[in-house]
Amino acid sequence: MRAFAELFAALDRTPRTAEKVAALTEYFRATPPADAAWALWFLSGQRLKRAVKTRHLREWVAAEAGLPLWLVEESYDHVGDLAETLALLLPPNPAPAPPALAELVRDFLLPLADAPESRQRELLRAAWARLDTPQRFLWHKLITGGFRVGVSRALLVRALAALAGVEPSVMLHRLQGHWQPTAEGFAGVLAGVATADAPARPYPFFLASPLEGGPTELGDATDWLVEWKWDGIRAQLLRRAGQTVVWSRGEEMVTESFPEIAAAARALPDGTVLDGELLAWRGEGPLPFAELQRRLNRRAPNAALRAAVPVVFMAYDILEAEGTDLRARPLADRREVLARVLETARLQPGYFTPRTKSRPGGAAVCGRLETFYREKPVTHRRAGPRSVEFPGQGSATARAEAAPVQAELFGDEGVHSLPAEFPLRFSPALSAANWTDVAAWREQARAAGAEGLMLKRRDSAYGAGRQRGAWWKWKVTPFTCDAVLVSAQSGHGRRATLFTDYTFAVWRGAELVPVARAYSGLTDAEIDAVDRFVRANTTGRHGPVRTVKPELVFELAFEGIAASPRHQAGLALRFPRIARWRHDKPASEADKLETLQRLAGTTRGA
Amino acid sequence: MPGAGGFPTGPPRAFDTSARACNLPRMLSVTEAGLHCAAGDFYIDPWRPVARALITHAHSDHARPGSAAYWCAAPGEAVLRVRLGSAAAITGLAYGERRTLNGVTVSFHPAGHVLGSAQIRLEHRGEVWVVSGDYKTQTDPTCAAFEPVRCHAFVTESTFGLPVYRWREPGLVFGEIHDWWRRNRDAGRVSVLFAYSLGKAQRLLAGLDGNLGPVLLHAAAREFLPAYRAAGIALPEVPPATKENVRAVGPGALVIAPPATEGAAWRASLGDPATAFVSGWMQLRGPRRRRGAEAGFVLSDHADWPGLLDAIAATGAERVLVTHGAAGPLVRWLKETGREAAALATRFGAAEESE
Numbered sequence: 002m003r004a005f006a007e008l009f010a011a012l013d014r015t016p017r018t019a020e021k022v023a024a025l026t027e028y029f030r031a032t033p034p035a036d037a038a039w040a041l042w043f044l045s046g047q048r049l050k051r052a053v054k055t056r057h058l059r060e061w062v063a064a065e066a067g068l069p070l071w072l073v074e075e076s077y078d079h080v081g082d083l084a085e086t087l088a089l090l091l092p093p094n095p096a097p098a099p100p101a102l103a104e105l106v107r108d109f110l111l112p113l114a115d116a117p118e119s120r121q122r123e124l125l126r127a128a129w130a131r132l133d134t135p136q137r138f139l140w141h142k143l144i145t146g147g148f149r150v151g152v153s154r155a156l157l158v159r160a161l162a163a164l165a166g167v168e169p170s171v172m173l174h175r176l177q178g179h180w181q182p183t184a185e186g187f188a189g190v191l192a193g194v195a196t197a198d199a200p201a202r203p204y205p206f207f208l209a210s211p212l213e214g215g216p217t218e219l220g221d222a223t224d225w226l227v228e229w230k231w232d233g234i235r236a237q238l239l240r241r242a243g244q245t246v247v248w249s250r251g252e253e254m255v256t257e258s259f260p261e262i263a264a265a266a267r268a269l270p271d272g273t274v275l276d277g278e279l280l281a282w283r284g285e286g287p288l289p290f291a292e293l294q295r296r297l298n299r300r301a302p303n304a305a306l307r308a309a310v311p312v313v314f315m316a317y318d319i320l321e322a323e324g325t326d327l328r329a330r331p332l333a334d335r336r337e338v339l340a341r342v343l344e345t346a347r348l349q350p351g352y353f354t355p356r357t358k359s360r361p362g363g364a365a366v367c368g369r370l371e372t373f374y375r376e377k378p379v380t381h382r383r384a385g386p387r388s389v390e391f392p393g394q395g396s397a398t399a400r401a402e403a404a405p406v407q408a409e410l411f412g413d414e415g416v417h418s419l420p421a422e423f424p425l426r427f428s429p430a431l432s433a434a435n436w437t438d439v440a441a442w443r444e445q446a447r448a449a450g451a452e453g454l455m456l457k458r459r460d461s462a463y464g465a466g467r468q469r470g471a472w473w474k475w476k477v478t479p480f481t482c483d484a485v486l487v488s489a490q491s492g493h494g495r496r497a498t499l500f501t502d503y504t505f506a507v508w509r510g511a512e513l514v515p516v517a518r519a520y521s522g523l524t525d526a527e528i529d530a531v532d533r534f535v536r537a538n539t540t541g542r543h544g545p546v547r548t549v550k551p552e553l554v555f556e557l558a559f560e561g562i563a564a565s566p567r568h569q570a571g572l573a574l575r576f577p578r579i580a581r582w583r584h585d586k587p588a589s590e591a592d593k594l595e596t597l598q599r600l601a602g603t604t605r606g607a
Numbered sequence: 329m330p331g332a333g334g335f336p337t338g339p340p341r342a343f344d345t346s347a348r349a350c351n352l353p354r355m356l357s358v359t360e361a362g363l364h365c366a367a368g369d370f371y372i373d374p375w376r377p378v379a380r381a382l383i384t385h386a387h388s389d390h391a392r393p394g395s396a397a398y399w400c401a402a403p404g405e406a407v408l409r410v411r412l413g414s415a416a417a418i419t420g421l422a423y424g425e426r427r428t429l430n431g432v433t434v435s436f437h438p439a440g441h442v443l444g445s446a447q448i449r450l451e452h453r454g455e456v457w458v459v460s461g462d463y464k465t466q467t468d469p470t471c472a473a474f475e476p477v478r479c480h481a482f483v484t485e486s487t488f489g490l491p492v493y494r495w496r497e498p499g500l501v502f503g504e505i506h507d508w509w510r511r512n513r514d515a516g517r518v519s520v521l522f523a524y525s526l527g528k529a530q531r532l533l534a535g536l537d538g539n540l541g542p543v544l545l546h547a548a549a550r551e552f553l554p555a556y557r558a559a560g561i562a563l564p565e566v567p568p569a570t571k572e573n574v575r576a577v578g579p580g581a582l583v584i585a586p587p588a589t590e591g592a593a594w595r596a597s598l599g600d601p602a603t604a605f606v607s608g609w610m611q612l613r614g615p616r617r618r619r620g621a622e623a624g625f626v627l628s629d630h631a632d633w634p635g636l637l638d639a640i641a642a643t644g645a646e647r648v649l650v651t652h653g654a655a656g657p658l659v660r661w662l663k664e665t666g667r668e669a670a671a672l673a674t675r676f677g678a679a680e681e682s683e
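Residue numbers (the numbering used here), protein chains in the order written: chain A, 2 to 607; chain B, 329 to 683.
Think of the hints as simulated: they come from the structure by calculation, not from any bench. Do not take every clue at face value.
Said to hold, decoys possible - Which chain A residues stay away from chain B? Per the calculated CB distances, all over 10 Å, these:
#1 T55
#2 T86
#3 D115
#4 L191
#5 R235
#6 R575
Said to hold, decoys possible - Only part of the chain A face toward chain B is listed, based on derived beta-carbon distances under 8 Å:
#7 E65
#8 L68
#9 L72
Treat the numbers as computed from the prediction; the structure is a model and nothing was measured. A virtual CB, placed ideally from N, CA and C, is assigned to each residue, including glycine.
Can you make the complete structure from the sequences, with help from the hints?
Written as structure tokens, this is what we have:
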């Protein structure tokens, strides 16, 4: 624990990545593998299930420090970080004797899990007796399960790659998925030894960079694959050794939350890895992201939830087929393989029984997937109120004029009307002869329920992490509204002592209704100014939240808006953030709820 | 009422009448100009110009220019003059020396905050009040140590009035600073300590181990050195922290500079220095990281939580009035432990600069 605390201090001390990597490399080199394994496990964001209630932690620390609980709460309110607050409140330890990290985990942390309260308290007191203040801070982080310390995965990968003498991309791959935080597991990471969990290990995701400005500098438009940028959860679907695993980009194993995807994946041949997007989907298009979140938050969803929020896996790419790594092959080739694999899977008997007959000629269609386009308007099927409408354009004719090119996939059925029963979909390519066509597609992204376009070089390999050049995301211009700051809460980490988490409201008649919370978008100087405003204009306190005089107006940008009965305003904004401070506007001139409702009525949400 | 020199006249108007502000009978009231003693007809650390100002210490949120007459503790006279200019009418009183102003007996007592800092004792018709200004109970070789003064009512600061603030021994902190300095020196880098120009900079200068390398001091802190020497505080001779001097000394140099100096251009002019803030606020990770410095050293000229409680207890005061800082929690704590306490709204501590 001493070495781990010193590593943490070294990482915390310097903003320089080279120094951080050096500190990590030295730590992993010099530390016994059993300790290094746990350090790597925690630093890479893995965590144990929280075993101790934070309420108990606060009470026990209060007792230990001889303080009333309210003063612990006041202190937490001021510090903003519970692990740190509690470490600072405990009486200093005159004679710390820290155990090694692996020992701390084995003897103190893991036994907390199933222990009764009284035993938990004993374990905590025993651990406190061994640790000094900075070590207690880390110990509390381990207990409360929020170990975010400003060490990115990229830095860990660089340090370990340097130590193992391999390329960072190789190390990144070894670190994917669940490896065991044991001396053997750590040795395996360094040596690249195949372990029992290798079949469940995903590939590193290849990430697109935002396209600032236009695409014209990218050369010939026909060299690029144009797709919708779907707004769901990026995921990898692995079918290996008779098992299916779904990984989210956040490296959560989410297989259990999406049983219909896992069931459908049984139709894939062994040794298949797909890259795609999990989307809540009904009929012809995606449901708002908030709906998908309901699924993500629930392991083993019941039938009612599965019916209320159907999901699909929209496949972009295939990374492995028949057990062979395809990532170095050109994207165009991979997409052909992908189309074939998906279509074969869809027609597999036995594994998956569609409720309706599959369409005839499916296998033949897939060969034409990316080439079969016709210059005619999309004939979206109307499936009740969720049918796709283009804002401000009433008829198919008008749409055809506005959009020079329209996709037509799978014969005369739009892609949105693929049989709903088979949830592994092929993310369609959008045909474009030039950048004007591409721009026209982007204009329609919102209507299609997408947040923009993906542009991928047709000859691109599937890289690792965010490498600029081959893949771009070209998002739609965000929506904006002017809203009033109505309450604030202090942030976390480096913003812990500042009010940085804001709630914004718009007018419903003479009343302000909260519509969004936003954290980012202001400069440090503006954050300081808002912080001062909040402190000077507090009208009420509700736990950590302070309501303020409704006076400051901010322009919010957001990617989508949808009706949501679970929100007070009846609306949910997607990715709201602060675009600018409207010093020029009084609160009375902020936007009205009706305006936002109209906006929600004209968009597919997401 | 003050009438001389065109200063505010008439009865003082209550400045803060909110329920949390204290009702201050007889001895003191908070007016638009500051903390006012009506019976004695003087102000303590006023924020507007007045006829007679008693000053606890020379930090800018307590010592503002423009008043007709200033009284302060004698060891702080020269320092206060640097702040207020040579034309200011300043009277220095030895610690403990008693004077009477309109029937109110006043005296200055060491507060341990910075050179010349004082608690001001007021006695009127047998009732004794002490206004502490800013204070600390830790040892500091550059100023007289805090002396508890028995009183009926004690006006205390609460800058660090939460139990998460508990200082370590200054010797340990200097040890950390020395380790950091040594590491930077060995890595071929200049070290910069950001510290307030009056008090903290001189305290660092007195405590740093000059054998590790040359120390350079920013002009804003240097201007107080003659006042320190005049008060008999031994401080080493150090060159000014000009670009040229730092370059000439090279890696291994340690520069003490005010936080306001922190800026890209100035930093660049020193090469690629390692930087650290020296302040009680550095106790918390959030502010430490927000300042963007590589290190933060917890060395404060204010009392920590145990220091505040000890100081309050030592006065024997029945009533405690809590000014700038975390007044709310401290007031509640004092009430729950059997004292009469209330918050007192002032304009002290507005610019965290005294820390």
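Could you work out which of the previously given hints the structure breaks and list their numbers from low to high?
The structure breaks hints 2, 7; every other hint is satisfied.
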